[in-house]
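Asker: Sequence:
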Amino acid sequence: MMKTTKKKTSYQAPALEKGLDILEYLSAQPKPRTQLEIAQALGRNPSELYRMLACLEERGYIAKGESGNGYRMTLRLFDLGHRQHTATTLRKAAHIAMEGLAEEIGQACHLTFQHGTSLIVMMERMPARKVCLSIGEGSVFPISQTASGKVLLSRLPEEIAFQTLEDDPEYARLSKAAGKRICDDISEARKNGFLAQESQLTEGTTDIAVPIGIDGSGTSAVLAISYLSIGPQADRLRQTYLKAALLCAEEINRNLGVIR
244 MMKTTKKKTS YQAPALEKGL DILEYLSAQP KPRTQLEIAQ ALGRNPSELY RMLACLEERG
304 YIAKGESGNG YRMTLRLFDL GHRQHTATTL RKAAHIAMEG LAEEIGQACH LTFQHGTSLI
364 VMMERMPARK VCLSIGEGSV FPISQTASGK VLLSRLPEEI AFQTLEDDPE YARLSKAAGK
424 RICDDISEAR KNGFLAQESQ LTEGTTDIAV PIGIDGSGTS AVLAISYLSI GPQADRLRQT
484 YLKAALLCAE EINRNLGVIR
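In this text, residue positions in the sequence shown follow this note's numbering: the first is 244, and each later residue adds one.
Keep in mind the hints are simulated off the structure, nothing from the lab.
Careful, some of the hints might be misleading.
Calculated lysine to any residue pairs in the SDA-like style (CA-CA distance at most 25 angstroms, straight line) [to be verified]:
| no. | residue 1 | residue 2 |
| --- | --- | --- |
| 1 | Lys307 | Leu296 |
| 2 | Lys486 | Ile473 |
| 3 | Lys307 | Ala297 |
| 4 | Lys335 | Leu296 |
| 5 | Lys274 | Lys335 |
| 6 | Lys373 | Gly349 |
| 7 | Lys307 | Leu318 |
| 8 | Lys274 | Gln255 |
| 9 | Lys373 | Asp478 |
| 10 | Lys434 | Leu376 |
| 11 | Lys307 | Lys335 |
| 12 | Lys434 | Leu399 |
| 13 | Lys486 | Asp458 |
| 14 | Lys486 | Pro370 |
| 15 | Lys373 | Ala477 |
| 16 | Lys373 | Glu291 |
Distance ranges between label pairs, derived from CB positions [said to hold, decoys possible]:
| no. | residue 1 | residue 2 | range |
| --- | --- | --- | --- |
| 17 | Lys373 | Leu266 | 19 to 29 angstroms |
| 18 | Glu347 | Glu267 | 51 to 61 angstroms |
| 19 | Asn312 | Gly286 | 16 to 26 angstroms |
| 20 | Glu260 | Pro412 | 21 to 31 angstroms |
| 21 | Pro257 | Glu301 | 18 to 28 angstroms |
| 22 | Leu263 | Ile473 | 16 to 26 angstroms |
| 23 | Lys335 | Arg287 | 31 to 41 angstroms |
| 24 | Glu260 | Leu417 | 50 to 60 angstroms |
No residue lacks a Cβ here, since even glycine has one placed at the ideal position from N, Cα and C.
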């Protein structure tokens, strides 16, 4: 039986909850599931799911498998989710959270996304009455040369990430050793779920990059902080800023409806 943790609310909508349970279950299945299998997984009687399955199939959210035995998810939900412009969705979800982050740490923070072999700064938020490093909205960087780019590559399937690197002119110019260091950074980001390192582009600067959104979709982006890190408190600041960035990323993900 599938175990789910549900947040209790003041209002109950049994039919809606039943439909969502079905969709959430099928979304995690590698092959079609029969009415009986779905009922057993959800801890329900097969007969009480009949009308719900028929409704979901009629509306195009699920479909019969190729053999006609069992149900699978369609791309209907994916299509609905992409009817809003993804950049607008990201900006709305991140705006307030990033303003809070900038004020909390006294540093600028920015949101970046991938475009081919480039990294583009979609949005930046600055703290009030502070002197800090600004990247600038609309700035473009080679994807292999930044912590944000490496984090984005770490969220891709390995073969796609490798091909993206191969297509990057900046990466092609590197020595074999330098190229390996970038691949090692990507592996580290894939393992840890973030990357914090000295900038390859600006001396005396540290970059912290944390992924947000849904991997492989238009809502996949990176929240980043770039700051001057010269001085005896460099290690303490890195830990403080990283913790704040991770919490901010969680807030943005909640605003996007992403559950990790």
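Asker: Taking 50 to 60 angstroms as the hint, is the beta-carbon distance of Glu260 and Leu417 inside that range?
Answerer: holds, 53 angstroms
Asker: Given the hint that Lys373 pairs with Glu291, test it: the Cα-Cα distance must not exceed 25 angstroms.
Answerer: violated, 60 angstroms
Asker: Cβ-Cβ distance between Glu347 and Glu267: within 51 to 61 angstroms?
Answerer: At roughly 34 angstroms between Cβ atoms, Glu267 and Glu347 fall outside 51 to 61 angstroms, so the hint is violated.
Asker: Looking only at beta-carbon atoms, does the pair Pro257, Glu301 fall within the given range of 18 to 28 angstroms?
Answerer: holds, 20 angstroms
Asker: Are the Cα atoms of Lys373 and Ala477 separated by 25 angstroms or less?
Answerer: holds, 18 angstroms
Asker: For the pair supplied as a hint, Lys307 and Lys335, confirm whether the alpha-carbon distance does not exceed 25 angstroms.
Answerer: violated, 37 angstroms
Asker: Taking only the CA atoms, is the gap from Lys373 to Asp478 under or equal to 25 angstroms?
Answerer: Given that 25 angstroms is the threshold and the Cα spacing comes to 21 angstroms, the pair holds.
Asker: Does the alpha-carbon distance linking Lys486 and Pro370 stay inside the 25 angstroms limit?
Answerer: Roughly 18 angstroms between the alpha carbons, so the hint for Lys486 and Pro370 holds.
Asker: Is the hinted pair Lys434 and Leu399 satisfied, with a Cα-Cα distance of at most 25 angstroms?
Answerer: At roughly 13 angstroms apart (the allowed maximum being 25 angstroms), Leu399 and Lys434 satisfy the hint.
Asker: Would the pair Lys486 and Ile473 pass a check requiring their Cα atoms to be no farther apart than 25 angstroms?
Answerer: holds, 19 angstroms
Asker: Starting from the hint 31 to 41 angstroms, judge whether the C-beta atoms of Lys335 and Arg287 obey it.
Answerer: holds, 36 angstroms
Asker: Given the hint that Lys307 pairs with Leu318, test it: the Cα-Cα distance must not exceed 25 angstroms.
Answerer: holds, 13 angstroms
Violated hints, in rising order: 4, 5, 8, 10, 11, 16, 17, 18, 20, 22; the structure is consistent with all others.
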